[in-house]
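Chemist: Residues -28 to -1, 1 to 238 (mature numbering (1 follows the signal peptide of the UniProt record, and there is no 0)) make up the sequence shown, in order.
It cannot be assumed that every hint is accurate.
As the list claims (entries may be wrong) - Lysine-lysine pairs mimicking DSBU-like chemistry, simulated, CA-CA at most 35 Å apart:
id: 1; residue 1: K126; residue 2: K147
id: 2; residue 1: K213; residue 2: K224
id: 3; residue 1: K55; residue 2: K147
id: 4; residue 1: K126; residue 2: K193
id: 5; residue 1: K126; residue 2: K172
id: 6; residue 1: K180; residue 2: K91
id: 7; residue 1: K147; residue 2: K91
id: 8; residue 1: K91; residue 2: K54
id: 9; residue 1: K17; residue 2: K172
id: 10; residue 1: K54; residue 2: K224
id: 11; residue 1: K19; residue 2: K180
id: 12; residue 1: K193; residue 2: K211
id: 13; residue 1: K19; residue 2: K172
id: 14; residue 1: K172; residue 2: K193
id: 15; residue 1: K211; residue 2: K91
id: 16; residue 1: K55; residue 2: K17
id: 17; residue 1: K172; residue 2: K55
id: 18; residue 1: K193; residue 2: K91
id: 19; residue 1: K126; residue 2: K54
id: 20; residue 1: K224; residue 2: K211
id: 21; residue 1: K91; residue 2: K55
id: 22; residue 1: K17; residue 2: K147
id: 23; residue 1: K126; residue 2: K180
id: 24; residue 1: K224; residue 2: K180
id: 25; residue 1: K19; residue 2: K126
id: 26; residue 1: K147; residue 2: K19
id: 27; residue 1: K211; residue 2: K19
id: 28; residue 1: K19; residue 2: K213
id: 29; residue 1: K172; residue 2: K211
What the hints assert, rightly or not - Listed next, with one range per pair, are the computed distances between beta-carbon atoms:
id: 30; residue 1: K211; residue 2: A47; range: 31 to 39 Å
id: 31; residue 1: H35; residue 2: V97; range: 19 to 27 Å
id: 32; residue 1: Q1; residue 2: E102; range: 47 to 55 Å
id: 33; residue 1: M199; residue 2: Y107; range: 15 to 23 Å
id: 34; residue 1: T186; residue 2: N93; range: 28 to 36 Å
id: 35; residue 1: N99; residue 2: I134; range: 19 to 27 Å
No lab work stands behind these hints: they were computed from the structure.
Virtual Cβ for every residue (Gly too), placed ideally from N, Cα, C.
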Amino acid sequence: MIFMTPKHPLPILIFLVCTLLFAGQAYAQTLTIAIGNYPPYSGEKLKGQGLIPQVIRAAFAQHNIRVDFQFMPWARSFMEAKKGLYDASAYWYCTESRQEYFSCSTALYEESAVFFFNKSNPIPVWNTLEELENYRIGATRGYSYTDEFWRLAKSGELDVNIMTRDEQNFSMLLKGRIDLFPIGLLPGMYLLEQNYRNEKGALNYLPKPLLTGTLHLLFLKNQPTSMRLQSIFNDGLAKIKQSGEYQAILAKFHEDKHTKQPNNAP
């Protein structure tokens, strides 16, 4: 192939430089954030990678910052962010133990986690976790639940069986191998609709939540850029809430037939 040298290369050079400058201005920076799969909040194969990544991207986009999410098991995502391998870790309850190492962003979302049970083995409404001592409870490795829940599990006051995936716990609940399984209400309904559509009618959930808490983006305290990024994110989040973009993202997920919450019939 013969390459022809243009008679007037200067205009082409100017065009290329302007193109590169424009591309640089479109996204001044790219962040990498560690995250786990927890549909519909987050999922590597979900449209837009889920509710929380869409919120985080929209907030950082207010400051021309691009976000690349790295999906991995939850426990690993936390530990690798703790080592400083990522710019932030999404998304967690802002517990005292986590605040030892991380600074928490403004709340991304408020979640309620409830106990699901099999209707063939009805469970009375509980007031204290100690009242559940006679029931077999499934839990998923890497999840927070509450400090009290894990304290009672560690002491043996609660009979807790830990599995690696939520699907395993739902399968065990349907087979009667456990009596209760705590999970976020929105993810629980999504998972049942996706994987247990024919069997989901056999399950229900207790009205009293195990917890209601807010989810946060975590920034490692000993990282020199963390406080600046947290401030930028908080400002961007406030902006998309003010503009209505945040509410529009949430509405897409809450109105989806796969994540609508059913009436809690006894």
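Chemist: Run every hint past the structure and note whether it holds.
Modeler: Results of checking the hints against the structure:
1. A C-alpha spacing of about 25 Å is found between K126 and K147, which places the hinted pair at or below 35 Å, so the restraint holds.
2. A distance of roughly 15 Å separates the Cα atoms of K213 and K224; the hinted pair therefore holds under the 35 Å criterion.
3. Restraint check for K55 and K147: not satisfied, since their Cα atoms lie roughly 40 Å apart, outside the 35 Å limit.
4. Straight-line distance between C-alpha atoms of K126 and K193 comes to about 29 Å, which keeps the hinted pair within the 35 Å bound.
5. Among the hinted pairs, K126 with K172 is consistent with the structure: their alpha-carbon atoms are about 31 Å apart, no more than 35 Å.
6. Distance restraint check for K180 and K91: the Cα-Cα separation of roughly 16 Å lies within the 35 Å cut-off, and the hinted pair is therefore satisfied.
7. A threshold of 35 Å between alpha carbons decides the hint, and for K147 with K91 the separation of about 12 Å falls inside it, so the pair holds.
8. In summary, the hint linking K91 to K54 is not supported, as the alpha carbons are separated by about 41 Å, beyond the 35 Å threshold.
9. The suggested pairing of K17 with K172 holds, with an alpha-carbon distance near 23 Å, which does not exceed 35 Å.
10. Only pairs whose Cα atoms come within 35 Å are accepted, and K54 paired with K224 is accepted, the gap being roughly 32 Å.
11. For a cut-off of 35 Å, the pair hint linking K19 to K180 stands: about 31 Å separates their Cα positions.
12. Taking the CA atoms of K193 and K211, the gap is about 24 Å. The hint holds against a cut of 35 Å.
13. For the given pair, K19 sits about 24 Å from K172 by alpha-carbon distance, which is consistent with the 35 Å threshold.
14. Restraint check for K172 and K193: not satisfied, since their Cα atoms lie roughly 43 Å apart, outside the 35 Å limit.
15. Proximity of K211 to K91 is assessed by CA-CA distance (about 44 Å); at most 35 Å being required, the pair is judged violated.
16. The straight-line distance between the Cα atoms of K55 and K17 is roughly 26 Å, inside the 35 Å bound, and the hint therefore holds.
17. With a C-alpha separation of about 40 Å, the suggested pair K172 and K55 falls outside the 35 Å cut-off, and the hint is violated.
18. With a C-alpha separation of about 46 Å, the suggested pairing of K193 with K91 is violated against the 35 Å cut-off.
19. With a C-alpha separation of about 24 Å, the suggested pairing of K126 with K54 holds against the 35 Å cut-off.
20. Restraint check: the Cα-Cα separation between K224 and K211 comes to about 19 Å, which is no more than 35 Å; the hinted pair holds.
21. At most 35 Å may separate the alpha-carbon atoms for a hinted pair to count; K91 and K55 exceed this at roughly 44 Å.
22. Of the pairs offered as hints, the one joining K17 and K147 holds, with about 28 Å between alpha carbons and a cut-off of 35 Å not exceeded.
23. Distance restraint check for K126 and K180: the Cα-Cα separation of roughly 23 Å lies within the 35 Å cut-off, and the hinted pair is therefore satisfied.
24. A hinted pair counts as satisfied when its Cα atoms are at most 35 Å apart, and K224 with K180 qualifies at roughly 26 Å.
25. Taking the CA atoms of K19 and K126, the gap is near 38 Å; set against the 35 Å cutoff, the hint is violated.
26. A hinted pair counts as satisfied when its Cα atoms are at most 35 Å apart, and K147 with K19 qualifies at roughly 32 Å.
27. Restraint check: the Cα-Cα separation between K211 and K19 comes to about 23 Å, which is no more than 35 Å; the hinted pair holds.
28. Between K19 and K213 the CA atoms are separated by roughly 21 Å; this keeps the pair inside 35 Å, and the hint holds.
29. Between the alpha carbons of K172 and K211 the distance comes to roughly 39 Å, so the proposed pair goes past 35 Å and is violated.
30. Between K211 and A47 the beta carbons are some 33 Å apart, a value that agrees with the proposed interval 31 to 39 Å.
31. Roughly 46 Å separates the CB atoms of H35 and V97, a value that falls outside the hinted 19 to 27 Å.
32. Remark: the range hint 47 to 55 Å for Q1 to E102 is upheld by a beta-carbon distance near 49 Å.
33. At roughly 44 Å, the beta-carbon separation of M199 and Y107 lies outside the given 15 to 23 Å, and the hint is violated.
34. T186 and N93 have their C-beta atoms about 32 Å apart, which keeps the hinted 28 to 36 Å range intact.
35. For the hinted restraint 19 to 27 Å between N99 and I134, the CB-CB distance of approximately 25 Å keeps it satisfied.
Going down the numbered hints, you'll see the structure goes against 3, 8, 14, 15, 17, 18, 21, 25, 29, 31, 33, while the others check out.
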